[in-house]
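Listed below, chain by chain, are the residues.
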Amino acid sequence: MGDRDRRTVFVTVGTTCFDALVKAVDSPQVKEALLQKGYTDLVIQMGRGTYIPSKVSGDGTLQVDYFTFSPSIADYIRDASLVISHAGSGSIFETLRHSKPLIVVVNEDLMDNHQSELADELAEMKHLFCARPLTLAETIWEMDVETLTPYVPGDAKPVVSLINKFLGFPDD
Amino acid sequence: MGLDVSMAVCYALPVLVSLLVVRFAYVKYCSGHPHLKLPASAAGMRCLIVLGSGGHTAEMVNVVSTLQKDRYTPRYYVAALTDNMSLQKARVYELSLVQREVDKEKAIENAQFVQIYRSREVGQSYFTSIATTLLATLHTMWIIIRIRPQVILCNGPGTCIPLCVSSFVLKVLGLGWSSIFYIESIARVKKLSLSGLMLYKLRIADQFFVQWPQLQKKYPRACYAGRLM
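Just so you know, the sequences run in chain order Y and S.
Just so we're aligned: 150 in UniProt numbering is position 150 of the first sequence, and the numbers increase by one with no gaps anywhere.
Just so we're aligned: 62 in UniProt numbering is position 62 of the second sequence, and the numbers increase by one with no gaps anywhere.
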């Protein structure tokens with residue numbers, strides 16, 4: 001099987017510790033769902049987490065690999081066919097910018113969980129799928145990446161032009 | 001003699017307090033009103049840019065990259081002492097600007113990077129927080145007095161509160177004038193962050209932006225001008 005036929009799932013927790021997500025993607029249910037959906041590889045960026053997923057290689061199963069941090073997360077996102085991410089805005093917008101299908105998994109252990117606000121809103125706008133660690137397998141089974149709509153990146157120009165106007169600079 | 005001094009204090013104190021109150025009201029009135037004439041310094045305005053981990057820095061870099069650099073210069077980037085990623089990102093961005101400049105040394109001087117003590121680290125006890133908050137406040141005051149920013153741009157990390165309050169105090173004391181622009185982080189869809197709420201309620205920000213229209217409906221004094229990301 002050539003590299004072109006590989007369909008990689010990239011899991012990223014950013015700089016956080018999100019063992020619940022790593023555990024979830026390491027579960028047989030999630031792996032089975034990914035395999036059934038035609039994905040061949042699973043790469044996990046586990047951040048500061050302590051749960052070590054099982055590395056798997058061989059034919060007929062999902063190939064699993066993991067690492068803690070990398071300066072080139074963008075490259076992994078670019079090479080992925082599906083991204084499963086924590087709810088940090090950095091990872092979310094990086095993935096949307098690369099127009100990759102995205103499942104955001106909200107960390108329910110965080111105290112002030114305002115991050116689910118962003119994920120829920122973008123899910124409602126059909127830019128991504130939103131899940132919890134326990135519902136991830138179900139979300140993968142049920143998702144249809146064709147239903148996602150591309151995200152049009154924002155633009156700082158209107159804000160900057162209002163700041164200019166406020167300070168008395170001519171608008172250009 | 002002693003009587004004279006206490007008499008003088010008796011007269012001076014109310015005068016001083018009422019002067020401060022009048023000045024406070026004046027500053028309050030002026031904040032939030034656009035500048036009518038062009039800024040005095042044609043060379044550019046000293047600009048303080050507050051960075052922070054958790055997505056704040058990426059949004060600020062998007063704003064800064066859209067700014068007309070000749071107007072907003074020199075730029076002082078501020079981040080918490082424990083946050084080593086944010087200033088690095090700003091450095092990378094400023095270096096990319098330097099590459100394009102002919103006068104490289106001047107371009108380097110245009111960007112300064114400042115680290116700031118945090119009032120309270122995650123998980124720190126409340127008792128030691130008193131000392132660290134005091135230290136952080138003094139440090140912040142010193143930074144504001146040293147830089148005397150004319151423009152402050154921030155989007156919600158906790159460090160922006162002492163910076164904005166310090167610069168407001170400086171305005172009341174007549175030691176400098178800064179326009180504060182607050183852009184609530186895109187992660188806030190339904191509710192303002194604690195920093196945002198404080199600056200909104202205290203009316204310290206001259207212009208207050210939110211990145212979602214539904215948030216603007218809840219906070220009518222805020223302005224919605226699209227998303228940064």
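Take the hints with a grain of salt, since some may be wrong.
Below, computed lysine-lysine pairings styled on DSS-like, alpha-carbon distance capped at 27 Å [as the list claims (entries may be wrong)]:
#1 Y:Lys126 with S:Lys201
#2 Y:Lys100 with S:Lys190
#3 Y:Lys126 with S:Lys217
#4 Y:Lys126 with S:Lys104
#5 S:Lys218 with Y:Lys157
#6 S:Lys217 with Y:Lys165
By construction, these hints were calculated from the structure, which means they are not laboratory data.
Checked hints:
no.	hint	verdict
1	Y:Lys126 with S:Lys201	violated, 34 Å
2	Y:Lys100 with S:Lys190	holds, 26 Å
3	Y:Lys126 with S:Lys217	holds, 23 Å
4	Y:Lys126 with S:Lys104	violated, 46 Å
5	S:Lys218 with Y:Lys157	holds, 24 Å
6	S:Lys217 with Y:Lys165	holds, 23 Å
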